[in-house]
Amino acid sequence: MNTLPQQLANGLLLGSMYGLIAIGYTMVYGIVQLINFAHGEIFMIGGFGALTVYAYVLPAGTSVWAALPLMLIGGGLIAILFAVGAERFAYRPLRGAPRLAPLITAIGLSLALQEVVRNFYPKADKARVFPKLGKGSYEIGSLTVTNADIFLISIAAVCMTGLALFVRRSRTGRAMQATAQDPDTAQLMGIDTNRIIVIAFAIGGFFAAVAAIAYGFKYGHVEYRMGFIMGLKAFTAAVLGGIGNIYGAMLGGIVLGIAETLASAYIDGIPGLQQLGGASWANVWAFCLLILVLLLRPQGLLGERVADRA
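Numbering of the sequence shown is given in the working numbering, commencing with residue 5 and proceeding in unit increments.
Take these hints with a grain of salt, some might be off.
Pairwise CB distance ranges (calculated) [as the list claims (entries may be wrong)]:
no. : residue 1 : residue 2 : range
1   : 133       : 166       : 41 to 49 Å
2   : 233       : 298       : 16 to 24 Å
3   : 291       : 37        : 34 to 42 Å
The calculated BS3-like cross-link candidates involving lysine-lysine, where the alpha carbons are at most 30 Å apart (straight line), are [claimed, not checked]:
no. : residue 1 : residue 2
4   : 222       : 127
5   : 139       : 222
6   : 222       : 130
7   : 127       : 139
8   : 136       : 222
To be clear, the hints were calculated from the coordinates, so they are not data collected in a lab. Just so we're clear, the structure is a prediction, and the values are computed from it rather than from any experiment. The beta-carbon is built from N, C-alpha and C at its ideal position, and this holds for glycine as well.
Generate the whole structure from the sequences, applying the supplied hints.
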């Protein structure tokens, strides 16, 4: 139990990353009722976009701290481009189709994006080393944190606060709420729903890129397959918090991250459960938590609709 504060901190960090990605799932679902299973690959592409800026655009030897703003801009723009492109060319033509059609399209797009990166990005078939955000670590009481940890928790807080203010106070944010509540009526009231949907995809893509950059700093690499499991976990977080609820996405991510971390650290210390602990069982316990929440509260922790909580 002496390690409990550190494990809680690790869970908060992991959950913040899940939450940043989950916002993309939940915003799109809240507005167009679409599960964008290609969103995990948007996350992956954002990471490779940031790596491209550092490795191929900036001069060799550039400080990571100096490169960080350009990495955020470059990774974010690439992720937004692919997210908006997916909406325009893959999902919009199927908007009036049965729900199974865009779902299958999303799965196909996910696989296609993986293969595009694997085949055309230099050495993407192996994990590409990501620059480190400084080498130091800091002792805060019984906690040990790194620069990557500080960046992750700080950027997650900034992104979430900015999104909350945008949704609550801007005209576009209120238009997003109206479109989520009733897209047909919103269109009759003069709201360009296509524009609102594009903005939702763009915000989700940018947040996914931010999460990918934080992932690269924390784990030291990016790879073409990283979007699959992270996207699946983020989708789980979105469902856990209440699919369509932007605050629920972050809450679901944090709950999932803490539960996964604690299960990995402590389950094997319970008599009779020694074989069910460790990192290899983390995914199992994460989905057990999801099943439990859905059995007890099917709408998720905070409810379903983005308009209800914005």
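A quick look at each hint next to the structure:
no.: 1; hint: 133 <-> 166: 41 to 49 Å; in the structure: violated (30 Å)
no.: 2; hint: 233 <-> 298: 16 to 24 Å; in the structure: holds (20 Å)
no.: 3; hint: 291 <-> 37: 34 to 42 Å; in the structure: violated (23 Å)
no.: 4; hint: 222 <-> 127; in the structure: holds (21 Å)
no.: 5; hint: 139 <-> 222; in the structure: holds (11 Å)
no.: 6; hint: 222 <-> 130; in the structure: holds (18 Å)
no.: 7; hint: 127 <-> 139; in the structure: holds (25 Å)
no.: 8; hint: 136 <-> 222; in the structure: holds (8 Å)
When each numbered hint is compared with the structure, violations occur for hints 1, 3.
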